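In the order they appear, the protein sequences are chains A and B.
For the first sequence, the numbering used here gives the first residue as 1223, with consecutive numbering after it.
For the second sequence, the numbering used here gives the first residue as 1223, with consecutive numbering after it.
The reader is advised that the hints may include incorrect statements.
[To be verified] Over the 12 Å line for every Cβ pair with chain B, so calculated as not near, a few chain A residues:
1) PRO1238
2) GLU1261
3) GLN1344
4) LYS1367
5) GLY1386
6) GLU1437
7) ALA1521
8) ALA1553
[Said to hold, decoys possible] Dumping the calculated DSSO-like pairs for lysine-lysine here, alpha-carbon to alpha-carbon at most 30 Å:
9) A:LYS1250 / B:LYS1518
10) B:LYS1549 / A:LYS1492
11) B:LYS1544 / A:LYS1511
Quick caveat, the hints were computed from the structure, so don't treat them as lab data.
From a predicted model like this one, the values you see are computed outputs, not experimental measurements.
Yeah, the Cβ is synthetic: ideal placement off N, Cα and C, and Gly gets one too.
Okay, here's what each chain looks like letter by letter:
Protein chains: 2
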Amino acid sequence: MKLIVMAGGSGTRLWPLSRTNYPKQFIKLSGMKKSVFQETISRCLLIGEQNDIYLVTSENYSELVNEQLKEMNVSIPYEQILLEPEAKNTLPAIMYAVQTIREKTDDICAVFSSDHIVDNPQALADTVKTAETLASSGFVTFGIKPDRPETGYGYIKPGNPLQGGFEVLEFKEKPDYDTAIRYVEQGYLWNSGIFVFQSEQFEDAVMNYNPEVYEAFRTSDIEESFDKTPSISVDYGLIEKMDNVYCVPLDAGWSDFGTFGTFCEKQHAKRDEADNVQFGDEIMLNSAKNIVYSEKNKAIALIGVSDLVVVDMDDALLICHKDQTQKVKDAVEILKKRGDSRVDDYIGKQ
Amino acid sequence: MKLIVMAGGSGTRLWPLSRTNYPKQFIKLSGMKKSVFQETISRCLLIGEQNDIYLVTSENYSELVNEQLKEMNVSIPYEQILLEPEAKNTLPAIMYAVQTIREKTDDICAVFSSDHIVDNPQALADTVKTAETLASSGFVTFGIKPDRPETGYGYIKPGNPLQGGFEVLEFKEKPDYDTAIRYVEQGYLWNSGIFVFQSEQFEDAVMNYNPEVYEAFRTSDIEESFDKTPSISVDYGLIEKMDNVYCVPLDAGWSDFGTFGTFCEKQHAKRDEADNVQFGDEIMLNSAKNIVYSEKNKAIALIGVSDLVVVDMDDALLICHKDQTQKVKDAVEILKKRGDSRVDDYIGKQ
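Using the sequences and the hints given, assemble the complete structure.
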């Protein structure tokens, strides 16, 4: 099985933790030994060898990727570190990897995003390996049994059981809260964004369901391909359109890394009686349900405040109500317009 | 007229702006040219000469005081910089100064606190000078016409008019909000904490109304005096007990510097349409009525929050609801118990 790792995301949703030139998948919060990118690579090595890994990332991150791989003592063949000339979302990224893989083999491929957190990597590895057989009949996705009506994830509507999984009846976009409650009651699963397929079938599917992308990749000039291809996600542009998509239940403590909540809670943070998530010894008086991260070991006091996300970096400070984290990108836009380089880089970090 | 400046306050109510070893009166916020202590000295020099000034401060601040005087090119006679061996509130501090003054003269004295802000120093100087005559008949306080029902100040209940002022019927402690509204309606004035008196009368009054303090100061050993004297304010321990206290209206844009609100609003802060007070170009999205001060020129975004005081120092961060700033001292107590030196000093300031 070939292992495709996508590490091109530039998410500024987690600004100021995440910067354009130093996005979330490469960050090590205080107390973290590995970035989530490095964790993803470690998980892949439970499934296959270094030589089985194909990495798709942005040209901008090639140095970061090489640094972090070296730190782990992992060596991925140079020609398998695929640099996207521009960001065109996940379908072109995977197409690039599959095309590269097919120059050598028609193997089964598994695709992993490098901004997931998995508490039990061995369980993930085992589940993905057992899906290999099923993948010869069609695309295999992995579904997580919800423990709450999460509105931040997509959902999968299950159909008939089949070889340790089931057919997918429908993919559902991120729901509102009431819809999420109904989904959970009706046995829908979270869409983990991990999937397994046979590489030739992937190319055929792109040809059938997204000929524009397919056409763009008929040249061997990758600059040209990325220039021509539309920007589209693999979910929207391919999987949701396909028949013969299967889902295998995954029970490995999976979560997406996309919000301050999951980012912080899964790291070395503590949770106090008032549901404050904190990394240090911040003083919390009359304060509940806050998430506080500080890069430096500062003396920090929160008094009479609730439901805040506080991210204190050496060069930037975010104080955001938990319900309004979707507006962080608006703040980033304003900074960009001002030409503020702290959107892209850490300035003056010590 | 001799001018007594009290600069011994160690207020940690404004932590982390203010530290035990660097209290609020000596702070220069970004954009400030002078500390409020320096502003107070400047105002005194509109009333008298350098040689007329008597400074009472803590031993701990003698270096700070000398530095800041030097910066202003002001030279106060060495023996007129009076260092309190320990903090015993304002009555002993003034007693110390008056005793020192009386070794030379029985002049009229004016007492100024170094944590006031005065928009129109010349008006203050003129008003204080005109009170000199009245001071030969009794203590003169200065009353500010309220423009709002402020609960953070004491109030003066006015009586019969008299020589450009009036008799004081009663002093009122900081009221609750409803009481403050009534006071304002009934023509009460804010007690500015500035007063003028004849120095011999002051000593007599202390002898009559607070013999314990008087006794403590009968030795020439100032260590012993401060060791023996009770800790008591000049208001509570003296003026509120006296007859023959007068009040002169003062219209000079006076305010006390005791809260983050007055501290910040009177400095070089801007106020936006949503009533946010800010020093820099902080981004405010869906946020109103916040006060934000950052020591560094950081990229700061507030999203979906209201009524917060945010003080971001290099070594400390406070996020406090405006209604709960009285709890800042509790946070400081916790830090003290932890042995955290950031209560006393700036650590790592650049």
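Against the structure, the hints come out as follows:
Taking the minimum C-beta to C-beta distance to chain B, about 7 Å, the non-interface status of PRO1238 (chain A) is violated against the 12 Å cut. Chain B leaves GLU1261 (chain A) outside its interface by the beta-carbon criterion, the shortest separation being 29 Å against a cut-off of 12 Å. Under the 12 Å C-beta cut-off, the non-interface status given to GLN1344 (chain A) relative to chain B holds; the minimum distance is some 39 Å. With a closest Cβ-Cβ approach of about 32 Å to chain B, LYS1367 (chain A) is found to remain outside the 12 Å limit, as its non-interface label requires.
Annotated as non-interface, GLY1386 (chain A) keeps its C-beta farther than 12 Å from every C-beta of chain B; the closest such distance is 45 Å. Chain B leaves GLU1437 (chain A) outside its interface by the beta-carbon criterion, the shortest separation being 42 Å against a cut-off of 12 Å. Listed as outside the interface, ALA1521 (chain A) is inconsistent with that label: its C-beta sits roughly 4 Å from the nearest C-beta of chain B, within the 12 Å cut-off. Non-interface call for ALA1553 (chain A) relative to chain B: violated, since the shortest CB-CB distance, roughly 4 Å, does not exceed 12 Å.
Restraint check for LYS1250 (chain A) and LYS1518 (chain B): the C-alpha separation of about 24 Å stays at or below 30 Å, so the hint holds. Taking the CA atoms of LYS1549 (chain B) and LYS1492 (chain A), the gap is near 24 Å; set against the 30 Å cutoff, the hint holds. Only pairs whose Cα atoms come within 30 Å are accepted, and LYS1544 (chain B) paired with LYS1511 (chain A) is accepted, the gap being roughly 19 Å.
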